[in-house]
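Position chain A relative to chain P; hints supplied.
One line per chain: the protein sequences are P and A, in this order.
For the first sequence, the working numbering begins at 26 and goes up steadily by one.
For the second sequence, the working numbering begins at 387 and goes up steadily by one.
Read the hints as simulated data drawn from the structure, not as lab findings.
Don't take every hint at face value.
Claimed, not checked - Covered stretches of chain A, going by a simulated chain P footprint (3 or more residues, C-beta under 8 Å):
1) 418 to 426
2) 442 to 448
3) 462 to 470
Said to hold, decoys possible - Here are the simulated distance ranges between beta carbons:
4) P/110 / A/454: 34 to 42 Å
5) A/465 / P/110: 56 to 64 Å
6) A/488 / P/344: 48 to 56 Å
7) A/406 / P/197: 40 to 48 Å
Claimed, not checked - Here are the simulated DSS-like pairs of lysine-lysine, each with C-alpha atoms no more than 25 Å apart in a straight line:
8) P/97 / P/37
9) A/430 / P/92
10) P/81 / A/430
11) P/37 / A/466
12) P/70 / A/466
13) P/92 / A/466
In this text, all values refer to a predicted model and were calculated from it rather than measured experimentally.
Virtual Cβ for every residue (Gly too), placed ideally from N, Cα, C.
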Amino acid sequence: MDLLNRYLQAVKFWLPSSQQDDIAAELSEDIRSQIEEREAALGRKLNDGDLEQILKQRGRPLLVAEKYMPPKALIGPVLFPAYWFVLRLVLVCYLVPWVAVWIAFMILDTSYRAQHSGIAIFRDAYVLWMIALTAFTVVTIVFAVLERVRDQSWLLDQWSPRQLPPVRDVEQISRFGSAVELIFGLLFFGIWWLKILWSPTVFDSSGVRVTLATGTKGFLFAVFLWSFLLLGCANIALSAVNLVRPYWTRFRRGLRASLNFVAAIILLLIAKTHAGLVVSGTSVPQDKAPEISLYLSLSLGMAFLIAAIVCVVVGCVDIWRILSSSRKHTQLNHHLAV
Amino acid sequence: MTQGTNNGNDSLLENLRLELRRGCLVLAVLAELRNEQYGYTLRKGLAERGLEVDEGTLYPLLRRLETQGLLASEWREEDKRNKRFYKISRDGKLVLKQLLAEWQGIGLSLEEILKESGHGSS
Numbered sequence: 026m027d028l029l030n031r032y033l034q035a036v037k038f039w040l041p042s043s044q045q046d047d048i049a050a051e052l053s054e055d056i057r058s059q060i061e062e063r064e065a066a067l068g069r070k071l072n073d074g075d076l077e078q079i080l081k082q083r084g085r086p087l088l089v090a091e092k093y094m095p096p097k098a099l100i101g102p103v104l105f106p107a108y109w110f111v112l113r114l115v116l117v118c119y120l121v122p123w124v125a126v127w128i129a130f131m132i133l134d135t136s137y138r139a140q141h142s143g144i145a146i147f148r149d150a151y152v153l154w155m156i157a158l159t160a161f162t163v164v165t166i167v168f169a170v171l172e173r174v175r176d177q178s179w180l181l182d183q184w185s186p187r188q189l190p191p192v193r194d195v196e197q198i199s200r201f202g203s204a205v206e207l208i209f210g211l212l213f214f215g216i217w218w219l220k221i222l223w224s225p226t227v228f229d230s231s232g233v234r235v236t237l238a239t240g241t242k243g244f245l246f247a248v249f250l251w252s253f254l255l256l257g258c259a260n261i262a263l264s265a266v267n268l269v270r271p272y273w274t275r276f277r278r279g280l281r282a283s284l285n286f287v288a289a290i291i292l293l294l295i296a297k298t299h300a301g302l303v304v305s306g307t308s309v310p311q312d313k314a315p316e317i318s319l320y321l322s323l324s325l326g327m328a329f330l331i332a333a334i335v336c337v338v339v340g341c342v343d344i345w346r347i348l349s350s351s352r353k354h355t356q357l358n359h360h361l362a363v
Numbered sequence: 387m388t389q390g391t392n393n394g395n396d397s398l399l400e401n402l403r404l405e406l407r408r409g410c411l412v413l414a415v416l417a418e419l420r421n422e423q424y425g426y427t428l429r430k431g432l433a434e435r436g437l438e439v440d441e442g443t444l445y446p447l448l449r450r451l452e453t454q455g456l457l458a459s460e461w462r463e464e465d466k467r468n469k470r471f472y473k474i475s476r477d478g479k480l481v482l483k484q485l486l487a488e489w490q491g492i493g494l495s496l497e498e499i500l501k502e503s504g505h506g507s508s
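Isolated chain P, as found in the complex (with noise of 0.2 Å):
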């Protein structure tokens, strides 16, 4: 019986202390009333072997314990959902960014290279490890609490059909979405970026004075200008088209991610120059204006390759969902010839 006893023991540990003697006691009286019966049948006392099997097909002590458990989750069924949600949002709205973003570096800077390779790329892959980690550690307690804390049935009872979003077709173009290209695309190409080709100011107000570095503007200006102002011009007439006929082609889909794929190119060789901006003015502090033109200059690569990243993605999106609808056309075919 000494193996019984262990057993017992066992299962009592994960028991709640509350209920181990009264659980402990049901389950000895129906192992011991099964070994009665058995040894009835075998006309013989059971030997350590035969109350191994009985205890064996009775199950390992922690599963046997958990069956007496009250159901328990971390995050349950009505916020899981929620939770899910929110946690793949983090992973493409906060650790891609970030990763993309080291990964880009390490492409396109060779002095940030350098000072990361080797032995550094285990310092840089924990430091992503960490922020993804918080993030996930974070959004877990975050609910764990609302778990714990909240009543959760105005998440079951207080909605209305009403409330709910109206449907969205994918392939429906948003004509105040279109608008808002057509005129950011206007006054991006057609005002901001041209000048600043044709002149060297990027900025010039209340006595701060941007401006393109010498060699800079001479650079931009004789490889970038004419691809920048033909795919500004083809975006402008995109967005001018969809305005009019607000429905996605796969012609137009396939063009705008070419165009963005396009752009992406541009936007990293454009980060790669390190284009430079000289800040002056009779509101900037002489001493100061270094530092802060190489800062800007800096955000300017920065805000350049996340650009290129965003229309990178776009693109993807698009040719995604140009897959994806040919798949469906497909399978549809199939189905109407079958």
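Structure of chain A alone, referenced to chain P:
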């Protein structure tokens, strides 16, 4: 059909079978405990009538039903051993009556549905 598909179907069938039986188990336990019994004999009785249930399912269920006030239990000595005897309570009898009516209603509906789709027993 491949071996993998067979295994998949077997496991699916087993899950569905367990799900179907789980609903009936409360009914069977309450009905069996119209006569006082302890856990082991209850399990044997159910198994003899074709409703095998493992102890890991039965004992937690008995505790839950007792907490809900549908069963009453007491420790008593029998054959020189302490055993916990369960019996249906007054509330339990009421619930059993209602559940039986529900069960018969489900049976009739299912019979009707199966008859319409040509799978009826008659």
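Outcome of the hint check:
no. : hint                      : verdict
1   : 418 to 426                : holds (count 3)
2   : 442 to 448                : holds (count 4)
3   : 462 to 470                : holds (count 4)
4   : P/110 / A/454: 34 to 42 Å : holds (35 Å)
5   : A/465 / P/110: 56 to 64 Å : holds (59 Å)
6   : A/488 / P/344: 48 to 56 Å : holds (55 Å)
7   : A/406 / P/197: 40 to 48 Å : holds (45 Å)
8   : P/97 / P/37               : holds (18 Å)
9   : A/430 / P/92              : holds (20 Å)
10  : P/81 / A/430              : holds (20 Å)
11  : P/37 / A/466              : holds (24 Å)
12  : P/70 / A/466              : holds (18 Å)
13  : P/92 / A/466              : violated (29 Å)
In the structure shown, a violation is registered for the earlier hint numbered 13 alone.
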